[in-house]
Amino acid sequence: MVGLVVVSHSERAAEGIAEIAAEMAGDTVIEPVGGDGDGGIGTVPDAIENAIVAAADADGAVVLVDLGSAVMNADVAIEMSNAEAVIADAPVLEGAVNAAVAATDPSATLDSVREEAEAAREIEKL
Amino acid sequence: MTDDGRAAVAAVEAVANRIERERDYLTQLDSAIGDADHGGNMARGWAAAADAARDLDDPDAQTVAKTVGKTLMSKVGGASGPLFGGSLVFASVELDDGVTAESAVAFAETYLEKVKDRGDARVGDQTMVDALTPAVHTFKKSIETDSRPALEALAKAVDAAERGVAFTVPIRARKGRASYLGWRSVGHQDPGATSTLFILEELLAVAADQLDSEVPDVDATSPTIPDEAGTDEGTTPEPEED
Chain A
1 MVGLVVVSHS ERAAEGIAEI AAEMAGDTVI EPVGGDGDGG IGTVPDAIEN AIVAAADADG
61 AVVLVDLGSA VMNADVAIEM SNAEAVIADA PVLEGAVNAA VAATDPSATL DSVREEAEAA
121 REIEKL
Chain B
1 MTDDGRAAVA AVEAVANRIE RERDYLTQLD SAIGDADHGG NMARGWAAAA DAARDLDDPD
61 AQTVAKTVGK TLMSKVGGAS GPLFGGSLVF ASVELDDGVT AESAVAFAET YLEKVKDRGD
121 ARVGDQTMVD ALTPAVHTFK KSIETDSRPA LEALAKAVDA AERGVAFTVP IRARKGRASY
181 LGWRSVGHQD PGATSTLFIL EELLAVAADQ LDSEVPDVDA TSPTIPDEAG TDEGTTPEPE
241 ED
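Which chain is which? The protein sequence lines are A and B, in order. Quick note: the first sequence, position 35, residue 35 per our numbering, numbers continuous. Quick note: the second sequence, position 31, residue 31 per our numbering, numbers continuous.
Bound-form chain A, shown alone:
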């Protein structure tokens, strides 16, 4: 089953987004990760790598990211990790919800979950 990783500059934001997405996620594994490792705002690749390893089984993990350095550090984490993982180019909250739903489909693949996450770019609110 494809797992999800939610990366935010704020550990609490990552946890909150994972909490919202989990409502729709069935038994999909969602790993929140964030913060600079020192109690501050930021992202570090080692922590993201650990989250990817925790979320990915044989089907891999889709990584949702917030701003700039989250993208770069997720990129580095994927390079370092042996697990199969891809970054979704999607808004982090809406993308996580979409991905969570997509991952519960028994025929879901890494690509189908990433595509559903990226479809969240089109969501209109008004």
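Since the hints were derived computationally from the structure, they do not count as laboratory data. Where hints are given, some of them may not hold.
Stated by the list, open to error - If you want the footprint, here are the derived chain B segments under chain A, 3+ residues with CB under 8 Å:
id: 1; segment: 73 to 80
id: 2; segment: 155 to 169
As the list claims (entries may be wrong) - DEER-style ranges, computed between Cβ atoms:
id: 3; chain 1: B; residue 1: D57; chain 2: A; residue 2: D111; range: 27 to 33 Å
id: 4; chain 1: B; residue 1: P170; chain 2: A; residue 2: D38; range: 33 to 39 Å
id: 5; chain 1: A; residue 1: L126; chain 2: B; residue 2: E102; range: 37 to 43 Å
id: 6; chain 1: A; residue 1: R121; chain 2: B; residue 2: D55; range: 58 to 64 Å
id: 7; chain 1: A; residue 1: E15; chain 2: B; residue 2: D219; range: 49 to 55 Å
id: 8; chain 1: B; residue 1: D57; chain 2: A; residue 2: G26; range: 48 to 54 Å
id: 9; chain 1: B; residue 1: D58; chain 2: A; residue 2: N82; range: 27 to 33 Å
id: 10; chain 1: A; residue 1: E23; chain 2: B; residue 2: G98; range: 40 to 46 Å
id: 11; chain 1: B; residue 1: D219; chain 2: A; residue 2: D59; range: 55 to 61 Å
id: 12; chain 1: A; residue 1: D38; chain 2: B; residue 2: D24; range: 14 to 20 Å
Keep in mind the model is a prediction, meaning the values are calculated, not measured. For glycine and all other residues, C-beta sits at the position ideal for the given N, C-alpha and C.
Dock chain B against the given chain A, drawing on the hints supplied.
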């Protein structure tokens, strides 16, 4: 310890000291256009990197570069981690046979490519690429085309970086946190370009010290900067939609 290993540890210590001295200045630059963490992040990362480099047992320059890069990646906590640290780890493969003028050019080019690739940035985006690109090009040309001594090439590169930092002031940020400000980023000096310059200045000072030489009094005048034939770098980028 090899000579280049000793020089590399000295360089890392010099950079860490410089970044610590400039910490408040870098934070001040970053608070104008970013999230005010560049000074603190860099100071924390380089202090840890200097400790890690000192703890190495008889390292060569490649091992020092790799260790410093990995430490920066895990300690910086922002985009500077993958940009400064990840690129250092990646470029360190060019130092297989130690530090020579040729391997230094290859190292610099590989480092620049990784920074541009990782940050998806090019010249004119108001980032460290604006300081790094002219520095690397000037260094390469001074050694490969103009056959200048490495120390003089490095001195020219530092001057080119200084001009690159000045170039970031009047332009609009297109990458990094400052890009969220749109036109309001105009008139501000990029913090990452500035810390890149500080690092290059310290490398030059340590290189001169190790070679027991004075820092050559040269500047990177325009004829020494190679044409960007076949690329669009250095020209005004197309406006992007925000």
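To see whether the hints hold, each was checked on the structure:
With a cut-off of 8 Å between beta carbons, the segment 73 to 80 of chain B has 8 residues touching chain A; three or more are needed, and the interface restraint holds. With 0 residues having a beta carbon nearer than 8 Å to a beta carbon of chain A, the segment 155 to 169 of chain B misses the requirement of three or more and the stated coverage is violated. At roughly 46 Å, the beta-carbon separation of B/D57 and A/D111 lies outside the given 27 to 33 Å, and the hint is violated. At roughly 35 Å, the beta-carbon separation of B/P170 and A/D38 lies within the given 33 to 39 Å, and the hint holds.
Between A/L126 and B/E102 the Cβ separation comes to about 59 Å, which falls outside the hinted range of 37 to 43 Å. Separated by about 46 Å at the C-beta atoms, A/R121 and B/D55 break the suggested range of 58 to 64 Å. Between A/E15 and B/D219 the beta carbon distance is about 52 Å. The supplied range of 49 to 55 Å therefore holds. Range check, B/D57 to A/G26: Cβ separation about 51 Å, and the 48 to 54 Å hint holds.
Separation of B/D58 from A/N82 is about 31 Å and conforms to the stated range, judged on CB atoms against 27 to 33 Å. For A/E23 and B/G98, the Cβ-Cβ distance of about 57 Å falls outside the hinted range of 40 to 46 Å, so the restraint is violated. Separated by about 57 Å at the C-beta atoms, B/D219 and A/D59 satisfy the suggested range of 55 to 61 Å. Under the hint 14 to 20 Å, the C-beta atoms of A/D38 and B/D24, about 19 Å apart, fit the expected range.
Going through the hint list in order, the structure does not satisfy hints 2, 3, 5, 6, 10.
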